[in-house]
Every structure is written in structure tokens, then in C-alpha cells.
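Colleague: Here are the chains, one letter per residue:
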Amino acid sequence: MSKSILYDATLCINCKQCEVACAEQNKLPYNETIAAEQKQSAHKFTVVLESAAADGKFMRKLCMNCADPTCVSVCPVGAFTKTAAGPVVYDETKCMGCRYCMLACPFGVPKYEWDKALPLVRKCDMCADRVSAGRPTACTEACPTGATIFGERETLIAEAQKRIKEKPDQYVNHVYGVEEVGGTSVLLLSSVPFEQFGYRSDLMHDPLPMLTYRVLARIPDLVGLGGMLLGGIWWITNRRAEVAAAEAPVRAHEEK
Amino acid sequence: MPEKFQLPKLTFWKAALVLIALTGLYATFVRFAQGLGASTNLSDEFPWGIWVGFDVLCGVMLAAGGFTLTATVYIFNLERFRPIVRPTVLTAFLGYSLVCVALLFDLGRSYRIWHPLVMWNPRSVLFEVGWCVTLYTTVLALEFAPVVFERLQLERPRRILRGISIPLVIAGVMLSTLHQSSLGSLYLIVPQKLHPFWYSPLLPVFFFISAIAVGLAMTIFESSMTSKHFGKQLELPLLRELGRILAVVLLVYTVLRTQDLYHRGALKLVLQPSYETWLFLLEVLLGLAAPIVLLLIPRVRQAAGGLYLAAVLTLLGFITNRLNVSTTGMETSAGMHYVPKWTELAVTASIIAVGFAAFALAAKHLPIFSNHTGAPPEAGSRRSKAIFVEKKEEGVLVGR
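Protein chains in written order, with our numbering: chain G, 1 to 256; chain Y, 1 to 400.
These aren't lab readings, by the way, just hints derived from the structure by calculation. A virtual CB, placed ideally from N, CA and C, is assigned to each residue, including glycine. Please note that a few of the clues may not be correct.
In silico contact screen, one side only, chain Y against chain G (beta carbon under 7 Å); selected entries [stated by the list, open to error]:
#	residue
1	V125
2	G130
3	I170
4	I189
Stretches of chain Y that chain G covers, calculated by requiring three or more beta carbons in the stretch to come under 8 Å of a beta carbon on chain G [stated by the list, open to error]:
#	stretch
5	34-45
6	102-110
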């Protein structure tokens with residue numbers, strides 16, 4: 001079964017232990033300056049956001065590891081893969097750097113190493129190697145309050161819904177990630193609207209890859225029909241020219 | 001025109017060319033030595049800039065004359081257009097070659113440009129575009145090769161290519177249809193990011209129809225330019241006919257686009273002044289309203305100058321359209337303005353300059369224009385000869 005992460009913002013105390021653990025896991029630098037950065041980047045795969053109102057509300061950002069990921073579908077070299085366990089992984093030996101994944105991702109997750117001469121795309125891969133070994137992600141393990149927990153997707157959805165039901169005044173009545181773009185492996189709970197932290201509320205509930213696949217699926221038919229049509233038109237116009245040419249001497253003779 | 005009169009003008013253009021090339025070379029050095037961050041104003045929020053929006057999207061669009069005209073002459077058998085096939089195919093071939101060069105600049109790891117040919121992902125629109133552009137560039141090379149063979153007097157390869165010319169043209173038209181439209185499909189995946197003026201499920205259809213319009217406009221533009229600078233006689237009757245077809249294609253596009261905007265509820269946004277509204281109006285005014293009005297006035301449509309103006313406006317209008325789809329239409333959702341860095345502009349300018357220079361060189365040394373070879377009647381009958389050659393041997397039929 002597929003694993004997921006549930007982040008409950010109401011339990012988060014902004015200790016940034018998840019950021020530290022993530023940096024360690026992915027061998028990224030971490031210091032006070034990076035800790036203060038309020039956005040994801042090629043050197044910061046997860047970030048705890050503070051609300052602009054500074055009212056003690058927080059929200060994590062990390063790769064949502066979608067069920068039917070946009071990045072997997074758009075990548076022209078198939079550098080992204082959705083693993084059965086849940087994580088969406090990136091093969092850096094394939095990537096040619098077209099950055100279509102960055103343009104297409106509805107969550108703006110893939111980031112680029114802009115300052116390198118030979119850059120790569122970087123993103124959270126839900127600790128794929130740990131998860132495949134049956135261990136939880138680094139950020140879950142580091143979380144001291146249980147704001148981030150790890151488990152089966154179905155179990156976590158049920159848990160999230162239970163929490164909303166038990167304390168409806170504490171939560172926005174929505175588990176973010178259950179239906180967005182066909183579902184994600186990261187689920188979010190919050191006491192304030194998700195848009196406040198840059199999560200889109202206008203995402204469709206079908207996977208985005210459907211939008212392009214619908215068109216791409218027509219190509220084989222188009223090639224067959226189009227080729228036939230063009231060949232047919234050529235045959236007719238050409239035959240006309242042939243006939244006209246063949247009849248020309250006869251006509252010329254008759255006119256005399 | 002006496003040659004001595006042209007000399008100072010040529011040196012000015014040569015000087016400009018050298019200047020652009022030097023700036024471009026330095027920009028190239030910055031790009032490959034220090035990476036995309038140092039050489040572009042791209043960022044995580046704005047990953048695609050003018051190297052995609054202009055060099056690739058507009059480059060492919062401006063090269064659309066190749067498939068439009070080869071289809072006209074070879075498939076629809078409208079032989080009278082044959083004299084302008086060669087310069088148009090040359091433009092297309094140069095256009096696609098330069099798109100490939102631009103991609104080398106834009107890709108983070110250019111040396112992996114061949115990866116999509118080996119590492120497949122058929123669900124990706126960009127994978128399909130990659131394959132189509134590769135194949136079509138090859139087709140264009142083969143379509144143009146006879147000109148080179150003719151110059152080198154290599155009869156055998158020329159004959160072989162002539163034998164496969166029809167399948168080649170059909171393949172070219174199919175490939176063009178696919179990737180011209182697919183460049184629009186690329187943006188189907190960003191319904192939340194692209195402004196409603198431009199995001200539409202019909203993007204591939206709009207990209208395809210406008211490619212035909214631009215192909216026609218580009219043929220008029222390029223014929224006018226070459227007649228001016230190479231002293232070639234202007235094929236005015238042919239251009240008039242292209243102008244008429246251009247008006248029809250633009251009208252079809254306008255009707256479809258308006259219907260689409262109306263049904264998606266985006267038409268009323270025109271009444272709300274915003275950054276996007278001005279850009280949309282600019283695009284519509286330049287690319288649709290002005291050229292349609294000009295082309296519908298017979299006196300303008302008949303005149304070389306009027307046709308030229310209508311063509312240039314069409315080109316500018318659809319360049320605006322492609323830039324709106326790929327850059328300006330994405331700015332609001334990205335929460336930032338993107339202005340290309342000087343290095344981005346320098347590389348793009350150099351690529352355009354190389355295109356013009358290569359065309360001029362080819363025009364000088366290769367039999368591109370019919371009056372250079374003195375060949376219109378011969379060229380006109382060449383294909384019919386090839387087709388009828390078997391039957392001629394049987395004595396049944398004499399080619400035209």
C-alpha cells in the first residue's frame with residue numbers, strides 16, 4: 001500500500017526540526033540564514049512557513065508526491081517516477097534541464113540549481129530510500145510534537161477526518177491533498193485557509209496529466225487519417241494533371 | 001540597381017552583424033561558463049523566458065511557411081506557386097536549425113539534448129515536440145538538399161530525393177501539424193497559471209491555425225525582402241493570392257478565438273483594464289484587426305507595399321501572442337515581472353542575425369530563386385516529367 005505524510009498545522013510549534021532533518025538526509029547545508037528563508041529552493045526541500053500576521057499559525061511546504069504527478073507526465077525524458085510506496089523520485093542522470101516540470105507543477109515544487117554551470121532539478125523525494133526500507137521520512141522522525149506523522153494513506157485520511165470531526169472549531173473543514181489533482185501523498189490540516197500559505201484552492205480534482213493526455217492520445221489516429229487524406233488529395237490532383245496532359249494533344253487536334 | 005550604390009549599405013549591415021555577433025559570443029561565454037542564473041533573469045518562479053518564448057515558440061511558428069507552401073505545391077498541385085518554394089523551404093530549414101541552437105542555450109545540460117530520442121516518455125507533450133522537431137528538421141534538410149545537389153551537379157542523389165519527394169512532403173506536413181499544435185498543448189497543463197485570455201482547451205488548434213497564417217505572412221515578408229535586397233523580381237500575383245488566403249485564415253482564427261473566449265467567459269475581461277488586457281488588445285490589433293482590414297481593401301491587397309505591411313503586422317501580432325502565452329500571460333500567477341537579461345537578448349539577437357546572414361549566403365551561392373537559374377518553366381515541369389517518365393517510355397503520354 002502507498003505511504004503518506006500527514007501534517008497537522010495546529011500541532012506545529014515552528015521548531016524547524018523537520019528542516020534540519022531534511023537538510024541532513026539530503027546532505028544540504030543548514031544554518032541560521034537558511035533557517036530564516038521562507039521559501040523552498042534547490043537547497044531547502046521543506047520549509048515551515050510563518051503566517052504573515054505572525055499569529056502563531058504555521059504551515060509546512062514540501063513535495064506533495066502526487067498520486068498521478070504532473071512532473072512524471074511532462075518530463076520528456078521520463079526522469080521522474082512515482083514509486084509504488086508513494087514517493088516521487090528523480091533520476092538526475094536523465095534530466096537535460098528543460099525545466100518543464102517547474103513550469104507545470106501545480107505546487108511549484110521542483111527547484112533549479114540556477115548558480116551551477118551544470119545544474120539539476122532538486123526536490124523532496126519523501127525520503128524514498130528510507131520509505132522503501134520500511135522507515136518513516138526524516139522529517140516525521142524528527143518532529144517532536146507529532147505535527148508530522150507517517151503511515152498508510154487510507155489510515156491517515158481517516159485520522160485527519162476524525163480530528164476535524166472531533167474539533168470542528170479548530171480546523172478548516174478540508175483535508176488538503178485528498179482530492180487535489182487526483183490526490184497527493186502529503187495531507188494537510190490547518191486552522192486557517194490554505195490559500196494564506198500559497199496553497200491553491202482552485203485545483204481540479206482530476207489529475208492534471210489528463211489535460212495533455214486527452215490531446216496526445218489522438219495523435220496516432222491523426223497521423224493515420226491525415227496521411228491518408230494528404231495522400232488522397234495528392235492522388236486526385238495529380239491524376240487530374242495527368243488526365244489533362246493526356247487529353248491535351250487530343251483536344252488540340254479536335255480544335256483544328 | 002548599380003552595385004557601387006549598394007556598397008556602403010552592405011558595410012553598415014556587416015558592421016551591425018559583427019557587433020551583434022561579438023556581443024552574442026560574450027553572452028555565450030557567460031551562459032556556458034557561469035550557468036543560467038548568471039546569464040538569465042529566470043528563477044524558480046519563472047523557469048521559462050524568451051529563449052523558449054521567442055527563440056523556440058516564435059522560431060518554429062515563423063518557419064511554418066515550409067509546410068504550408070510545400071503542401072500547396074506538391075499536395076494540392078498548385079504549380080504556379082513553385083517559384084517561391086525554394087526560398088520558403090530554406091527559411092524553414094534555417095528556422096528549425098536555429099531553434100535547435102537556441103535549445104542548446106536554454107537546456108540546463110545541453111549535452112543531453114539527445115536524451116528524449118533514447119529515454120522515452122510518450123505521455124509528455126515535450127517528448128512528442130522533441131521527436132517531431134528532430135524528424136521535421138531532417139525532412140527539411142532532405143527537402144532542401146536537392147538545391148545543394150543541383151549546385152554541385154550531383155545528379156544521382158538528386159534523383160533519389162526527387163523520387164521520394166511526395167512521401168517526404170506528406171511526412172513534413174504531418175510532423176508540422178503535430179508539433180505546431182503541440183507547442184500550444186504544452187500549456188494545457190497550466191490551467192491555474194496562464195491568464196484566461198490565453199489558457200484554452202483549444203490552444204493546440206489556435207497554435208496550428210496561426211502557424212498557417214504566419215507561414216503565409218512569412219512567405220510574403222521574405223519574398224518582399226529578397227526582391228528588395230537581391231534584386232529578384234517580385235512574384236506579385238502569387239503574393240496577392242497568398243494575401244487573400246491569409247485574410248481567410250485570419251478570419252477563421254478570429255471567429256474561433258472569439259467564440260472560445262466568449263464560452264469560457266473571458267471575453268468580458270477585455271472591459272476591465274489590466275496589464276493582460278493591454279497585451280491582449282495589442283496582440284489582437286496587430287495580428288488580427290489591422291491585417292484583416294488591410295487585406296479586405298482590394299487596393300491595399302493588390303499593392304506590394306500593402307501586402308508587405310499586412311504581413312509584417314501579422315508577424316508582429318502573433319509574436320506578441322506567443323510571448324503572451326509563454327511569458328507575460330504567466331506573470332500574474334508567478335507574482336512577478338520577467339524582463340529578459342541583456343545576455344538573453346544578446347543571444348536571441350545573434351541567433352536572428354545568424355539566420356539573416358545564412359539566408360543571404362545561401363541566396364548568393366545556391367540556386368534559390370527561379371531567375372537565377374532561369375528555370376521556372378523547367379522547374380515547373382520537372383515533377384511532371386518525373387511522374388510521367390515511365391509512361392513516356394511506353395509512348396503513351398507526353399509530359400506538359
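Colleague: Provide an ascending list of the numbers of those earlier hints which the structure does not satisfy.
Modeller: Per hint list: zero violations.
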